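Given the sequences, and given the hints that come with them, work out the whole structure.
Protein chains: 2
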Amino acid sequence: MVEKRMPIPVSEALERVLGEASLIGDEKVELEESYGRILAEPIVASSDVPPFNRSPYDGYAIRSVDSAGASGTNRISFRVIDHIGAGEVSAKRLSANEAIRIMTGAQLPEGADAVVMFEQTVETEQGITIRKPFEALENVSLQGEDVQKGEVVIDCGSLINPGTIALLATFGYSQVAVAKQPVVGILSTGTELLGVDDELVPGKIRNSNGPMIVAQLKRMGFRCKMYGMSIDQLDESYEVVKKAADETDCLITTGGVSVGDFDFLPAIYERLGAEVLFNKVAMRPGSVTTVAVANGRYLFGLSGNPSACFTGFELFVRPALLKMMGAGKLYLPQTKAVLGEDFTKANPFTRFIRASYDGETVSPAGFNKSNAVSSIARGNALIVLPGGSRGFHRSDTVDVLLLGMEEGASKWRL
Amino acid sequence: MVEKRMPIPVSEALERVLGEASLIGDEKVELEESYGRILAEPIVASSDVPPFNRSPYDGYAIRSVDSAGASGTNRISFRVIDHIGAGEVSAKRLSANEAIRIMTGAQLPEGADAVVMFEQTVETEQGITIRKPFEALENVSLQGEDVQKGEVVIDCGSLINPGTIALLATFGYSQVAVAKQPVVGILSTGTELLGVDDELVPGKIRNSNGPMIVAQLKRMGFRCKMYGMSIDQLDESYEVVKKAADETDCLITTGGVSVGDFDFLPAIYERLGAEVLFNKVAMRPGSVTTVAVANGRYLFGLSGNPSACFTGFELFVRPALLKMMGAGKLYLPQTKAVLGEDFTKANPFTRFIRASYDGETVSPAGFNKSNAVSSIARGNALIVLPGGSRGFHRSDTVDVLLLGMEEGASKWRL
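Line by line, the protein sequences give chains S and V.
If you number the first sequence the way the numbering used here does, the last residue is 414 and the count never jumps.
If you number the second sequence the way the numbering used here does, the last residue is 414 and the count never jumps.
For the record, the hints were derived by calculation from the structure and aren't laboratory data.
Errors might be hidden in some of the hints.
Pairs count within a copy or across copies, as identical chains cannot be separated in the list.
Said to hold, decoys possible - List of simulated lysine-lysine pairs, DSS-like, C-alpha gap at most 30 Å:
| id | residue 1 | residue 2 |
| --- | --- | --- |
| 1 | K218 | K243 |
| 2 | K4 | K132 |
| 3 | K336 | K280 |
| 4 | K225 | K149 |
Predicted model only: the values in this text are computed from it and were never measured.
Shown next as structure tokens:
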């Protein structure tokens, strides 16, 4: 008798997974090591940005009051009394009709409240003349106009991106508190699996899921522990899984979760005393995706079919790992696009189709079955077709998960 | 007299930059080191995928001909003569009304041409009965249905993503030829710059551009050589730039490219005998972005203003580095979105505004000036507003460059 499993919707599966995530703490790292990590402290401005009124242009700092009435027929003269570059501070204070030559980024001198750009001046022997009046604070970058001292600029839980690094450097964070990264293990199961160096023999295939998941983790900035390939023997597999589960925060297995005679993971979960959150999801591919929790640690049982394995990782493992780090953004970026092909056959399960997205249209990236490998490499997105009784047609607008946009585009259309 | 520079359009600037890119060769790396690199060889299928006809389900392999006429009132019986898991090959050949119990992924036995799923059978003492006829090849994953042996599956110049890794593993590429990565140097110029550990003093700011570019390069999978911060002295700066340019394929400087009195890079380019491709681009921020070439090496003179520096890197440095590696996709991914705010003031230059994109609407990510730092960290996209005489309005559809989508989304809306 085959075990009957009840499929649950993807959103419910996701909720169950995320409900088990607990924070694993944080650590201090050097600023230069922090790119790609999750902030475990908010970035608080230790100073205003800019820290002083400064010149956004190369030109002359003046008192705006002295420019009143200037025009083409009434040029007003200024005597240039100093010359400062960025990083320099003038020791002088402007008096009436005095100017200081000032470079971009330099602090406005005492008394000055406007900057005249080079191209707005005519040089004379004594200094410059101008032909238009300037308002107070014209051409001035105001202290604190970008950020004010004490402000929480970036929240805890944000990904440290290049701009975050710029902010951290600006505020003198030579070290920064980031979330620790969960220890992730990978174990590929299946007697059919060969190593990448092995010759193909009848009935066997090379293990592609293991290396693929390593790369999916690398894309998130994670390293992982490899537990090799386990053959489909219950006792032996149990020992390997138990050891791996003890040593990791999150163990990802591939294969062995279906209802086949050598699919031992359900039995192993039971022996481990693990709580199975679900073992059937209303999605294609990857309906056999199983997630269990033992001693507060995740056991992700992904399908052995590459496309299903890939999708299971991105839909469930990725957000779980992010939540363990306290990340604010747990989900794949999503948009809508025009479907480039018909999917006339309805499917009761939600479909996630590996696809190519060009910013407007989204089309399947090739052969579309759960055992497909080529379309994973070719795609940069997943088309999401909700389950139900209807098909979908070319030029319908559909949901798209963006997954692989980092490669970029082959055309510049601006 | 201020030097008068002629701005050129962004697309022309990009063309000039890319016109100078030369390939820098390739190298072999281990499969596990290849994620994120650019393929320097096409991936050629060394075998069919799947490599043999196999079962996509747990069930029974049969000869379809034996199922003809099966129905609820005429169940047909099969004697089960063998039992194979994935990776196993049956030594038996099916005769009339024989079946072999077969697991997902296992090779179809000799004589079999269809698979009956467990749930389509009733077990008996001798074997199974079925209640419907099966067509030839029903429930069979056909040899080569995903990829055929000899096929070029992925082109040279593609980014190695997790799916590419799966393919490389499938075809036994334990090593893979990838493009060498250009040696990139970073030099921050400006007497106003302090290190991240320094206390703020009047007139000075901490160097944020240097660490930011390191992170922009890391996002592309690059490491770089740091040439520290150079003060604004012509002779000294010349020596540092010359050394750095000699040691790198691409030297990125920040600051010093405008028309200020201490902006020495134009003079340094001249002394180096470098060809200046342009020194003014019709864009905001970053109009002073300057690109030169000396001895076949790039000299990118980015603005010292953080937002301008950031944009200059992504618009010009990124595609140049990718082209030196023979990448097929050189440009930032692009889409269209609904503008979330008014930009009523026209600008003759094309604007690139750091923005937050939620898959539908795009809005400025905060303070919008070339010296802004905070909005770089907060944004995950750039709004592109073409230069001209018109403004733009909330709910206009505008072009968007996706840049930072990797952080993901805070909501699951499926």
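Taking the numbered hints from earlier one at a time, note which ones the structure violates and give those numbers from smallest to largest.
-> Violated hint: only 4; rest satisfied.
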